[in-house]
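The sequence shown begins at 7 in my numbering and counts up by one.
Derived from the structure by calculation, the hints contain no laboratory data.
A couple of the hints might just be wrong.
[Said to hold, decoys possible] Here are the simulated distance ranges between beta carbons: (1) 170 x 192: 17 to 25 Å; (2) 53 x 23: 15 to 23 Å; (3) 119 x 79: 21 to 29 Å; (4) 106 x 148: 17 to 25 Å; (5) 23 x 192: 52 to 60 Å.
Just so it is clear, the structure is predicted and the values come from calculations on it, not from any experiment.
Beta carbons: idealized from backbone N, C-alpha and C, even for Gly.
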Amino acid sequence: MSVQVPDALLLLAPGCQHCAAVLEGLGTLVKEGAVGALEVVNLQRHPERAEQLQVRSVPWLRIGPFVLQGAHTLGELRDWAARAQDPASVQQYIEQQLNLGQLAQVEAMLRFQPEALRAVVPLLENPDTEMQVRLGIDALLDSLAGSDVVKGMLSDFAELTQNPDHRIRADACHYIALTGEAQAERYLEVCLQDSEVEVRESAEEALAELRTRV
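Make the full structure from the sequences, and use the hints.
Structural data, given as structure tokens:
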């Protein structure tokens, strides 16, 4: 059985300093078979694509599920093409981009692959996850509150309320409220009995928020 290689999309524009090098690199990957197909769009001729994809600077590229911007060497492009064949790499991508403050790129990926949001759960349950990453995940979840993908994560958030770290349990209360699901209330009511004041207070706030969403 042949390995499913990713396709790529590149948006460029005249005068772009790094576009030619990225285009050459992606062309090499197509020749090597590391990328199956490459679509190249000149935004001067098709500005509507920039609006559709909410692109503000070029080069902008998507390899498989991963959205990238700016200069990338051939080696970096080859690495992303290889990662695109591994579902576990989605979590690594989200963590890396959020750590770099690239929230917009993760949001762009989720527009094409919203189910990839589930990859944040292991990051949320790990107390060693960097604060920059946690803040980025919070922003993602807040922006997608009430969406089908966030509603589908209710059981994941409920499990976080059992985490040994009380800070994670407190955060989980807020995430539960973001689902807007009526059945989420029972999880928050349990958290009202938590041994930690911070968790109980978070549960109270989350219950109030949830009742405005249901």
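Hints, verified against the model:
no.	hint	verdict
1	170 x 192: 17 to 25 Å	holds, 22 Å
2	53 x 23: 15 to 23 Å	holds, 20 Å
3	119 x 79: 21 to 29 Å	holds, 25 Å
4	106 x 148: 17 to 25 Å	holds, 20 Å
5	23 x 192: 52 to 60 Å	holds, 55 Å
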